[in-house]
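Asker: Sequence:
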Amino acid sequence: MLPIRAVVVIALTVCLTANTSAGLYLFPSCPFLPFIDFRLPYSTIKGYSVQIDTEMCPINAIIFHTKKGKVCANPALKWVIDAIDQISEKFQLGSSVLQSNC
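Per mature numbering (1 follows the signal peptide of the UniProt record, and there is no 0): the sequence shown = residues -22 to -1, 1 to 80.
Some hints could be false.
As the list claims (entries may be wrong) - Below, in silico cross-link-like pairs of lysine-lysine (DSSO-like), each with a Cα-Cα straight-line distance of 30 Å or less:
hint	residue 1	residue 2
1	Lys24	Lys46
2	Lys24	Lys56
3	Lys68	Lys45
4	Lys24	Lys48
5	Lys56	Lys46
6	Lys56	Lys68
7	Lys68	Lys48
8	Lys46	Lys68
9	Lys24	Lys68
10	Lys45	Lys56
11	Lys45	Lys24
Bear in mind the hints are in silico, worked out from the structure with no lab data behind them.
Working from the sequences, and respecting the hints, build out all of it.
Answerer: Laid out in structure tokens, this is it:
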């Protein structure tokens, strides 16, 4: 039988290891990360959400809503800015824009 101290050390090690490996999964509360590395065709984009930097999801991003789901894009890229402008003109800045907090 293990002494209580050994049991506590083992339990703490298991807990800390589980938390560390979960943390390595790049912000598990940000479901659409990482950023896509290609330009989406404008015809596939149905709308977008703005992800602002929060404690739970410390990143600024644009989440594009497409025919096949949602993808996360870097808001600083020119094609992302152009896509937002085009969508905003099409929907007159309102019906397709949401603010999202992971």
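Asker: Would the pair Lys45 and Lys24 pass a check requiring their Cα atoms to be no farther apart than 30 Å?
Answerer: 7 Å, holds
Asker: Would the pair Lys46 and Lys68 pass a check requiring their Cα atoms to be no farther apart than 30 Å?
Answerer: 20 Å, holds
Asker: Tell me if the straight-line CA distance from Lys24 to Lys68 falls inside 30 Å.
Answerer: OK: Lys24 and Lys68 at ~10 Å, within 30 Å.
Asker: Holds or violated: Lys56 and Lys46, Cα atoms, limit 30 Å.
Answerer: Measuring from Cα to Cα gives roughly 23 Å; hence the hint holds.
Asker: Take the C-alpha atoms of Lys45 and Lys56, compute the straight-line distance between them, and say whether it is at most 30 Å.
Answerer: 22 Å, holds
Asker: Does Lys45 sit within 30 Å of Lys68, going by the straight-line distance between their CA atoms?
Answerer: Answer holds: Lys68 to Lys45 is near 17 Å, not above 30 Å.
Asker: Given the hint that Lys68 pairs with Lys48, test it: the Cα-Cα distance must not exceed 30 Å.
Answerer: Distance ~19 Å between Lys68 and Lys48 Cα, so the pair holds.
Asker: Is the straight-line distance between the alpha-carbon of Lys56 and that of Lys68 30 Å or less?
Answerer: 18 Å, holds
Asker: Measure nothing beyond the straight line between the CA atoms of Lys24 and Lys46; if it is 30 Å or shorter, mark the hint as holding.
Answerer: Holds, because 10 Å separates the two Cα atoms, which is no more than 30 Å.
Asker: Lys24 and Lys56 were given as a pair; does the straight-line alpha-carbon distance stay at or below 30 Å?
Answerer: 19 Å, holds
Asker: Measure nothing beyond the straight line between the CA atoms of Lys24 and Lys48; if it is 30 Å or shorter, mark the hint as holding.
Answerer: 10 Å, holds
Checked against the numbered hints listed earlier, the structure breaks none of them; every hint is satisfied.
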